[in-house]
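Student: Protein sequence lines correspond, in order, to chains A and B. Following the numbering used here, the numbering of the first sequence begins with 1 at its first residue and continues without gaps. Following the numbering used here, the numbering of the second sequence begins with 1 at its first residue and continues without gaps.
The hints are simulated quantities; they were obtained by calculation from the structure and are not laboratory data. All figures in this text were calculated on a predicted structure; none of them were measured in a lab. In this text, a Cβ means the ideal position worked out from N, Cα and C, and glycines have one as well. Heads up, a few of these hints could be off.
[What the hints assert, rightly or not] Under 8 Å between C-beta atoms, here's a sample of chain A residues computed to sit facing chain B:
| hint | residue |
| --- | --- |
| 1 | Asp-15 |
| 2 | Leu-46 |
| 3 | Leu-50 |
| 4 | Ile-54 |
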Amino acid sequence: MDCPHAQDLLLDEVDGLLEPAPRPELRRHLAGCESCRAFAELQRQLDVELRKGIPALSLDARFRRELEPRLRREPWPEWLPEVAYLAGAALATAATVVALPLPAASTWWIGGALAALGFVVHSVLASAFSDLDAAGDL
Amino acid sequence: MEDDRLHELVRQRSYAEAFEGLLSRYQDKVFRLAFSYTRDRARAEELAQDVFVRMWQVLPRFDARASLSTWLYAITRNTCLSALRYDARRRTRPLDEVRERAADAPSASRDAEDLDVRRLVDGLPETQRRVITLFYLEDRSLRDVGLMLGMPEGTVKSHLHRARRALAGAMSAQGAR
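Chain A with its partners taken away, still in its complex shape (with noise of 0.2 Å):
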């Protein structure tokens, strides 16, 4: 057995991913290799202070208390950006219908700025859910 895959079985225990068990091969590799047992004592060392200094946290009453004059809305409804995106779309057409009887130069502008407005509702809407889509894609 070489130094690395002793290493890696020590880090194992460690872990706790490993059952305590003999292992011949390794305790034979530690006993011949200073390095791999100084490198066994730090890790054992370094779990005990690790577990004296990243403490068990846990939430108390409290955040319930703070938490419930939050929640008294109703939770959105499923419908929503889909009736705002349609919602938006037909604020648009309508716009657009409005505008087309004026000059050109004014339909130009007009477009230009229903064309900034409709990019302007799309990424807050994709803003908005875009929580939701990427735990959807994991």
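Assemble the complex: chain A is given as a structure, and chain B must be docked to it using the hints.
Tutor: Just chain B now, kept in the frame of chain A:
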């Protein structure tokens, strides 16, 4: 409440009951995941609240493509990353807040060894720091850490081993000084 039961409640549109079950089962995990990003208990609590408010708002859109916990953890990670970006943009903080944070900082009378190991962990690259922090917070479960960070267990193990090797090297260097 088990995940299958939570899925069933969402399918039946019993959102309030599903949300209550989700909160009971996952509030501490969401908090610890947020803490692994922020390293600040108060900020992690704020973000955990934001996550559950967001979850409440969007629960009707859950479509079961991923499990509820996968979805919740992804929302938590996205919320934390956005918050960290926002915090990084706020270059100056009000003086009172700075004073308050200084008062919350560990005092010199605390165990010096604990402080050293925390400082060493803080010096690790982001992903290694998150992995090793969550590994100890989550009772040494590679599976839970993988689910929370959206990583395969093998990747978690490899980050964990790299972190352990780096910390051991830093500890030896500190001991040699």
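Student: Could you run down the list of hints and mark each one as holding or not?
Tutor: Status of the hints after comparison with the structure:
no.	hint	verdict
1	Asp-15	7 Å, holds
2	Leu-46	6 Å, holds
3	Leu-50	6 Å, holds
4	Ile-54	4 Å, holds
Going down the numbered hints, you'll see the structure goes against none, and every one checks out.
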